[in-house]
Amino acid sequence: MGVGGLVSGSLLLGGFVAGLVVGSLYGLAALGLSIIWGILRVVNLSHGALIAMSMYLAYLLTVMHGVPLLASILLTLFIGFVVGVVAYYLFVHRVLGGPELASLLSTFGFGLIILGLLELKFGGIARTLPVESSVIEVGHVPIMTIQIIGAIVAAAIAIGAYVLIYRTWFGRAVRAVVMNQEAAALMGVNVTKILMLTFALGVLFATTAGTLLALAYSFTPETGSKYELYSFTIVVLGGLGNPLGSLIGGMILGVAEQLTSIVASGSWGPLVAFLLLIIMLVIKPTGLFAKL
Amino acid sequence: MEAAQILRQLARGRLITNLTVALVIAVLLGLGIGSLYSESLGYYRETITTFMVLFSIVLGLNVILGYTGYVSFGHAVFYGIGGYTAMILMYYHGVSVYLAMLAAVLAAMGAAYLIGLIVLRLRGAYFAIATIAVLEAFRVVAANVNYLGGSEGLQLSATYYRGYSIAGYHGLMAVHYIAYFLLVGVVALGLLINLYVSRSKFGAGLRAIREDEDAAEAIGVNTWKYKTLAFVLSSITPALAGAIIAWKRMIVLPGEFFNLGLSIEAIISTMLGGAGTVLGTITGTAIYHAVKTAFLTSFPSLHLVIFGATIAVIAELLPMGIIGWLRIKSTKLRFLLE
Amino acid sequence: MPVLQVENIHKSFGGVRALQGVSMSVEEGEILGLIGPNGAGKTTLFNVITGVYKPDKGRVIIFGKDVTGWPPHRIALLGVARTFQIPKPFPDLTVYENVLVSIKFSNRRLSDLEAAEEAKRILEFLGLDKHAHMLAAQLNVALEKRLELARALARQPRLLLLDEVLAGLNPAEVSYMLEKIKLAKKEFNLTIVMIEHVMHAVMEIADRIVVLHLGRKLAEGTPEEIATNPKVIEAYLGDPKLALAFVKRFKKKG
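These protein sequence lines map, in sequence, to chains H, L and U. Residue numbers for the first sequence follow the working numbering, so the first one is 1 and each next one is one higher. Residue numbers for the second sequence follow the working numbering, so the first one is 1 and each next one is one higher. Residue numbers for the third sequence follow the working numbering, so the first one is 1 and each next one is one higher.
Fair warning: there could be bad hints in the mix.
With a cut-off of at most 30 Å between alpha-carbon atoms, the simulated BS3-like pairs for lysine-lysine come out as follows [claimed, not checked]: (1) K226/H with K121/H; (2) K65/U with K329/L; (3) K54/U with K284/H; (4) K54/U with K88/U; (5) K225/L with K54/U; (6) K185/U with K120/U; (7) K88/U with K57/U; (8) K186/U with K120/U; (9) K130/U with K329/L; (10) K88/U with K185/U; (11) K225/L with K88/U; (12) K88/U with K130/U; (13) K88/U with K182/U; (14) K88/U with K180/U; (15) K120/U with K201/L; (16) K65/U with K284/H; (17) K65/U with K182/U; (18) K292/L with K121/H; (19) K130/U with K332/L; (20) K88/U with K329/L; (21) K65/U with K201/L; (22) K332/L with K88/U; (23) K225/L with K201/L; (24) K120/U with K332/L; (25) K65/U with K186/U; (26) K225/L with K284/H; (27) K57/U with K284/H; (28) K201/L with K332/L; (29) K185/U with K201/L; (30) K54/U with K201/L; (31) K130/U with K120/U; (32) K225/L with K57/U; (33) K185/U with K65/U; (34) K292/L with K226/H; (35) K54/U with K65/U; (36) K180/U with K130/U; (37) K185/U with K130/U; (38) K130/U with K201/L; (39) K225/L with K65/U; (40) K88/U with K201/L.
Calculated from the structure, these hints are not laboratory results.
Isolated chain H, as found in the complex (with noise of 0.2 Å):
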């Protein structure tokens, strides 16, 4: 019972630092969530299938063209941007400040053609990206030393994106638009513009973090509405369009799933996040971290 006792502390630890190192890509994943929600008050459900479509997007330069790991990174963070930019035209403009149904379903639909390709192309069958990487041990949980690189980069954007929306002319442009649209168009904001530069680099953001989670898990089309829901669970624990609320949130949710995976089993990991959300969205749906 003692050594028990003992080999499950070690491991808990484990699962506390590899909670943490995936969790900032779930906060990652939820900020372009956020941004998107908070400033053009759209619930983008397209957003776990644009996460599955940049998985794809490395997996087939990298695998299938064979162009190198980082380059087709960068290209996939590219298309993500220019996909964001069209998607905003095509299916966003016309349904903002219109009624709740019509964004949700006009982005459900675009997040259906995307899964329809990606069903079409690759099928249903779980791809990983060709990545080496060498494995430190923390409590006798493995973690890749990429996926740490990978955590790093998502805390820096997060913190980056912080500094954006509070530290600069856009920043300060989009928050003008979300407190008032007309009155910022008066001051000479171009207020379509803010708000399709948001959705890109919303977009954008959820990209970026669907590819460094694919560099150290498989992926299936599906695996797209999962990072959805998290996404959804961690904007509601860090609050709407605050950077550094969705990657604290993102944390406590990647610790709170990898401990029930080490305590119970890895597939009740998911049904912590809904828990923890409806929790949230009861006791206080503003977030902890409100801001904006």
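Using the hints, position chains L and U against chain H.
Frame of chain H, contents of chains L and U only:
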């Protein structure tokens, strides 16, 4: 327009709706009876069965989404609860499908009440997301609990079906016919519920909640009671359909019964026809089902893409749906189309 | 017995003390004006009276019943109706349907025909009959304000709470509304509490005025007393010349 004149118009509209509803039920019944005697109608019996399953969820959803304005995005959770409750009783206790349906509907109503206590505090997109989370939570539980069959589900053996018969068909041969007629009954019940909501003071209160919950409360609507009742009412037909389909398919699986896709199909059908109208549920589900079937057979590999594009186009161009759009086109149509 | 009594109401939001011990009472048939600068706690007081907020301390007594902590719909069913500062019509229902719903929930047993006739009567009273079958979402501000009033009157209330029904109206529309409020008061035997910033209007129509300032009652009295009260001039009316103008108006009237 004089008051009496308005009432006459409304009465005419109600007559049209009553006749349409009666016609729908008559056609469904006729097709079922026909299929008992003509093998060639078997294909239609099956595709109409699928239609009626979707319709059952739409008829429930219309109460909470259409009349009350709460976007229940995971409404298939009640279909799943109905299916699993019925299957547990049939699988472990050999209960008949009829008793299992009764238990399923009670379980779903109880679950709707309890879930409602939590999620009905939320408004707008938060409510929508919470209902997705509830659906997914149920799915994860179903996939992980041995008693519920885990990811393999629970499967009935053929011997269970021995006692069932209809018009000379016995056992497994009879199931598809009986399931069909049971579903016609569920659809009829769902239509009656919608007619009641559409015409009652209760429904007027729900509409007020949909339009502005604070103002509804201020004019004397007990909003909490009303929306809880609406949510409970909206669980009835999905649960019954779930129980029937669990019995018909012989198996319940987590992904098929707690199915977000099915929820969304129901939302699209409701929206396409015109949320919060009786005629809209019929029109929307019929068109959606026909189009989907056509896509699935003509472009099997591209159906998701086309489906997605269709959803987006409807959402962007016709968010109030066909009947909803007609209802705002002219005062006369507003009275005539319920 | 007063129609409405508010006793020592306290209400805070987080650290902000919106109401700090407000008491007042309104007699039957009275029109009470509730004025004060923005953030004085006027709308918060309305929300406490109508049950939207539960007060931290104090009691609300309506028609002799202690209704503190009751939900809004129960208070409404006692015969209390209100309008909202930012109008909250039912946007996707027609003007007629807006009023009809309100009639349905007004505790009267009416046949469908009676209800429809009642709706028509109220729409005519407020000049909304021409717009009866328009969606409420399509109304302009002036008509929207009238619909708010129509929906409140449709409940046949005994106590009516009006939250800035005159805000955003041009002078002609203001006098139209004032006229209708006076008529309605007579016809329905109403007691009215009105929050208002349009000072000349409230001075003209109110029997008595209560001034709120920073969550406390600053003053109470007849319009003339209020217009000449130095504390009120300092805290709210600001410009002594303006205040003087009000007083002159009253002198002229008197």
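Hints, one by one, checked against the model:
The straight-line distance between the Cα atoms of K226/H and K121/H is roughly 21 Å, inside the 30 Å bound, and the hint therefore holds. For the given pair, K65/U sits about 47 Å from K329/L by alpha-carbon distance, which is inconsistent with the 30 Å threshold. Taking the CA atoms of K54/U and K284/H, the gap is near 19 Å; set against the 30 Å cutoff, the hint holds. About 21 Å separates the Cα atoms of K54/U and K88/U, which keeps this hinted pair within 30 Å; it holds.
Between the alpha carbons of K225/L and K54/U the distance comes to roughly 19 Å, so the proposed pair stays at or under 30 Å and holds. Among the hinted pairs, K185/U with K120/U is consistent with the structure: their alpha-carbon atoms are about 19 Å apart, no more than 30 Å. Distance hint between K88/U and K57/U is fulfilled; the C-alpha atoms sit about 29 Å from each other, no more than 30 Å. Proposed proximity of K186/U and K120/U is supported: the alpha carbons are some 19 Å apart, at most 30 Å.
Our distance criterion of 30 Å between C-alpha atoms is met by K130/U and K329/L, whose separation comes to about 17 Å. For a cut-off of 30 Å, the pair hint linking K88/U to K185/U stands: about 22 Å separates their Cα positions. Pair hint K225/L plus K88/U holds up; C-alpha atoms about 21 Å apart against a cutoff of 30 Å. Under the criterion of a C-alpha separation no larger than 30 Å, the hint pairing K88/U with K130/U is consistent with the structure, at around 21 Å.
Only pairs whose Cα atoms come within 30 Å are accepted, and K88/U paired with K182/U is accepted, the gap being roughly 23 Å. Taken as a hint, the K88/U and K180/U pair is honoured in the structure, with Cα atoms around 20 Å apart against an allowance of 30 Å. Proposed proximity of K120/U and K201/L is supported: the alpha carbons are some 19 Å apart, at most 30 Å. A threshold of 30 Å between alpha carbons decides the hint, and for K65/U with K284/H the separation of about 34 Å lies outside it, so the pair is violated.
Pair hint K65/U plus K182/U holds up; C-alpha atoms about 27 Å apart against a cutoff of 30 Å. For the hint linking K292/L to K121/H, the alpha-carbon distance of about 22 Å falls within 30 Å, and the restraint holds. At most 30 Å may separate the alpha-carbon atoms for a hinted pair to count; K130/U and K332/L meet this at roughly 15 Å. Proposed proximity of K88/U and K329/L is supported: the alpha carbons are some 23 Å apart, at most 30 Å.
Of the supplied pair hints, the one linking K65/U and K201/L holds, its CA atoms being roughly 27 Å apart against a limit of 30 Å. For a cut-off of 30 Å, the pair hint linking K332/L to K88/U stands: about 26 Å separates their Cα positions. Restraint check for K225/L and K201/L: satisfied, since their Cα atoms lie roughly 14 Å apart, inside the 30 Å limit. The hinted pair formed by K120/U and K332/L meets the criterion: a straight-line CA distance of about 17 Å does not exceed 30 Å.
A threshold of 30 Å between alpha carbons decides the hint, and for K65/U with K186/U the separation of about 24 Å falls inside it, so the pair holds. About 23 Å separates the Cα atoms of K225/L and K284/H, which keeps this hinted pair within 30 Å; it holds. A distance of roughly 24 Å separates the Cα atoms of K57/U and K284/H; the hinted pair therefore holds under the 30 Å criterion. This hinted pair checks out: K201/L and K332/L have alpha carbons roughly 22 Å apart, not beyond 30 Å.
A threshold of 30 Å between alpha carbons decides the hint, and for K185/U with K201/L the separation of about 28 Å falls inside it, so the pair holds. A threshold of 30 Å between alpha carbons decides the hint, and for K54/U with K201/L the separation of about 28 Å falls inside it, so the pair holds. Our distance criterion of 30 Å between C-alpha atoms is met by K130/U and K120/U, whose separation comes to about 10 Å. Using a Cα cut-off of 30 Å, the hinted pair K225/L and K57/U holds, with the two alpha carbons roughly 27 Å apart.
Between K185/U and K65/U the alpha-carbon distance is near 23 Å, which keeps this suggested pair within the 30 Å criterion. In summary, the hint linking K292/L to K226/H is supported, as the alpha carbons are separated by about 26 Å, within the 30 Å threshold. Between K54/U and K65/U, the direct Cα distance comes to roughly 16 Å. Compliance with the 30 Å bound is thereby established for this hinted pair. Under the criterion of a C-alpha separation no larger than 30 Å, the hint pairing K180/U with K130/U is consistent with the structure, at around 17 Å.
Of the supplied pair hints, the one linking K185/U and K130/U holds, its CA atoms being roughly 24 Å apart against a limit of 30 Å. Taking the CA atoms of K130/U and K201/L, the gap is near 26 Å; set against the 30 Å cutoff, the hint holds. As the CA atoms of K225/L and K65/U are separated by approximately 23 Å, the hinted pair is consistent with the 30 Å bound. About 20 Å separates the Cα atoms of K88/U and K201/L, which keeps this hinted pair within 30 Å; it holds.
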